[in-house]
Amino acid sequence: GAVVSQHPSRVICKSGTSVKIECRSLDFQATTMFWYRQFPKQSLMLMATSNEGSKATYEQGVEKDKFLINHASLTLSTLTVTSAHPEDSSFYICSARPHIYTEAFFGQGTRLTVV
Amino acid sequence: KQEVTQIPAALSVPEGENLVLNCSFTDSAIYNLQWFRQDPGKGLTSLLLIQSSQREQTSGRLNASLDKSSGRSTLYIAASQPGDSATYLCAGTNFGNEKLTFGTGTRLTIIP
Chain A
1 GAVVSQHPSR
11 VICKSGTSVK
21 IECRSLDFQA
31 TTMFWYRQFP
41 KQSLMLMATS
51 NEGSKATYEQ
61 GVEKDKFLIN
71 HASLTLSTLT
81 VTSAHPEDSS
91 FYICSARPHI
101 YTEAFFGQGT
111 RLTVV
Chain W
1 KQEVTQIPAA
11 LSVPEGENLV
21 LNCSFTDSAI
31 YNLQWFRQDP
41 GKGLTSLLLI
51 QSSQREQTSG
61 RLNASLDKSS
71 GRSTLYIAAS
81 QPGDSATYLC
91 AGTNFGNEKL
101 TFGTGTRLTI
111 IP
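Sequence lines, in order, name chains A and W.
Taking my numbering, the leading residue of the first sequence gets 1, the next gets one more, and so forth.
Taking my numbering, the leading residue of the second sequence gets 1, the next gets one more, and so forth.
Next comes chain A alone, as it looks inside the complex:
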């Protein structure tokens, strides 16, 4: 099946710094990618929809200035957690589909720990 690659898989950063997470679709182009956050033992919470060539659409309650999303090409979306704080520590996962209504593929996830 199609592959979505996410990097890094784990990152530890100091409070106040910024962290960038990359999501790549390796064998298909994706005009839309999705970013999720997952808390321990809970399901996925959609944070934002990343749109190639335009601004991301954020879900209610998600701070767009805290979680910067850039979708500069048809195969790459990035999520930058700015001025990270310990409460931003979480598991972040991206997703993409070759076409609307087709199978969705997920990255391996990124475990962010802010100390």
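Hints in this document: simulated from the structure, not taken from any laboratory.
Quick reminder that beta carbons are idealized off the backbone N, C-alpha and C, glycines included.
There is no bait here: all hints are sound.
A few chain A residues that don't get close to chain W, going by computed Cβ distances all over 10 Å:
id, residue
1, 11
2, 20
3, 37
4, 52
5, 54
6, 62
7, 63
8, 64
9, 65
10, 68
11, 72
12, 73
13, 76
14, 83
15, 85
In silico DMTMM-like links for lysine to aspartate or glutamate, alpha-carbon gap of 25 Å or less:
id, chain 1, residue 1, chain 2, residue 2
16, A, 55, A, 88
17, A, 66, A, 87
18, W, 42, A, 87
19, A, 66, W, 98
For this one, chain A is given, so just place chain W on it according to the hints.
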């Protein structure tokens, strides 16, 4: 607004048994439904996608069904193995909306 529920939240069965995982959704306008598994600390692995025009899909020991009229999908796992232990998530897509609405997940443990 589509809401997706999975019951039970956790399930333990002996190795070799057949089992069924349940997924319920509130909006019958669901366009397709996808089943995933998630291993601890990992991303999601796609298992099966059932399109709107289909009623079921099969892959190996897995069979998923979709009944839009009753608002239910089931994932049947035959001859369960310890390697099947994981959290299983279902997610639906409504027509006109690219977003996936996820269920709450079922944590499955297969006892050797």
